[in-house]
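As you go down the protein sequences, you meet chains H and G in turn. Our numbering applies: residue 32 is where the first sequence begins, and numbers increase by one. Our numbering applies: residue 7 is where the second sequence begins, and numbers increase by one.
These aren't lab readings, by the way, just hints derived from the structure by calculation.
Label pairs and their in silico Cβ distance ranges:
no.	chain 1	residue 1	chain 2	residue 2	range
1	H	R40	G	T26	32 to 38 angstroms
2	G	G58	H	E45	47 to 53 angstroms
3	H	N102	G	K115	45 to 51 angstroms
4	G	E11	H	T132	22 to 28 angstroms
5	G	N24	H	M71	26 to 32 angstroms
6	G	V50	H	I86	20 to 26 angstroms
7	H	M46	G	I19	38 to 44 angstroms
8	H	V84	G	Q20	49 to 55 angstroms
9	G	Q20	H	T130	34 to 40 angstroms
10	G	Q20	H	I86	44 to 50 angstroms
Note that the structure is predicted; figures quoted are calculated from it, not measured. Here a beta-carbon is modelled for each residue, glycine too, at the ideal position from N, C-alpha and C.
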Amino acid sequence: DAGVIQSPRHEVTEMGQEVTLRCKPISGHDYLFWYRQTMMRGLELLIYFNNNVPIDDSGMPEDRFSAKMPNASFSTLKIQPSEPRDSAVYFCASRGLYTDTQYFGPGTRLTVL
Amino acid sequence: TQLLEQSPQFLSIQEGENLTVYCNSSSVFSSLQWYRQEPGEGPVLLVTVVTGGEVKKLKRLTFQFGDARKDSSLHITAAQPGDTGLYLCAGFFYNNDMRFGAGTRLTVKP
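Extracted from the complex, chain G is given alone in its bound form (with noise of 0.2 angstroms):
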C-alpha cells in the first residue's frame, strides 16, 4: 500500500511571509496532484506535474517535483490570507492506485 505524507500537518504564519509545504512517498509516482480546499467546499485543482525536476509556477505559488519522482514540494512567497486553505496532493502509482495526503492546514494572518 503506497503512503504519502504531508507535512507540516499545520502551518500559521504573518502575512508576507514566505512557507514551504511537503508531500512524500516510499514509492514512485507516475504524476502528482496538489489541490486546495476551502471550508465548506470541495477540493480544487492547482496543478498537476508528471517529469522528474518539473518546476510549474502559478503567481506566487512554485510547484517542485523530486528528480525521483517521490517527492514534491509546494512554495508560496508572500503569503496573503486568501491563501488560508488546506492544500492536499494527490499521488498517482503505476499501478493504478491513486492516493490523497492527509493535507496541510495553513492559515495566513493579516
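The following block holds chain H by itself, in its conformation from the complex (with noise of 0.2 angstroms):
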C-alpha cells in the first residue's frame, strides 16, 4: 500500500485566494482526520470523519475552512478566503476500524502571502 497520498505538497498562494488540499486515505481505513501543525500552536485536529460522514469538526477554527469526504478514498480540504494566519503544514491521516493506530500522510506545507 502507497500510505495516505496528499496533494499538494507544497502551496503558495495570495490572500483571498480559494485553497483546496487533498488526502486519499489507506484504503479499506474507516476513518479520516485533518489536523495542522504550526510551531505556536503544535499538531491541531480539524475534523475527522467515520465512513466519509464527519464526525467532530469542532476544531474547524472559522467558517473559512470546509472539509468533504465524497466517497471512502478521496477528502478535500478548502480554505476560502485565505489567509496569512492560515499559513501551517496541514496533514490527513487515516486508520481503520478496530486498532487505534492513525497512519499519518507527508503533509501540504501551504504559505499564504
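Need the complex rebuilt from these two chains, each delivered in its own frame; the hints are there to steer you.
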C-alpha cells in the first residue's frame, strides 16, 4: 500500500485566494482525520470522518474552512478565502476500525502571502 | 479543556547519552500514544499505553504510563543520531477528546 497520499506537497498562494488540499486515505480505512501543525500551536485536530460522514468538526477554526469526503478514497480541505495566519503544514491521517494506529500522510505545506 | 504539557521543549545531546521526555496532564487519560516525526514527514506511531503503571519497550526506547494515568515518559538509552526528531505524545480522554502535546524536539549529535 502506498500509504496516505496528500497533494499538493507545497502550496504558495496569495491572501484571499481559495486553497484546496487533497487526501487519499489508505484503502479499507474507516476513519479520516485532518490536522494542522504550526510552531505556535503544535498539531491540532481540525475534523474527522467515519465512513465518509463528518463526526467532529469542532476543531475547524472558522467558516472559511470546510472539509468534504465524497467517497471512501478521497477527501478535501478547502480554505476560502485564505489568510496569512492559515500558513501551516496540513496533515491527513487515516485508521482502520479496530485499531488505534493512525497513519499520517506527508503533509501539505501551505504558505499564504 | 484538557491540556497536555510536554517537557523539555528542546533537547540536544551527544550520541551515547540517555534522555527522558515527559508528557503530563491534569486530567486522566483513557490511553496515551507516543509518536516520532521527522522533518518533512508526518508523525509515526511508536506505542500506545493503556494500563496505569504499564511499561513498554521498543529496542532502546522505554515508555511508561503513570499509575494515576495522568503522565507518561519516554526514555531513550544510548541515543543515536537516527533518534533525532520531534517526539509527540497524544492523550485520549474519557470524553472522547484527543490532544497532541507540543512535542520535544530532540537532536542527537554524533
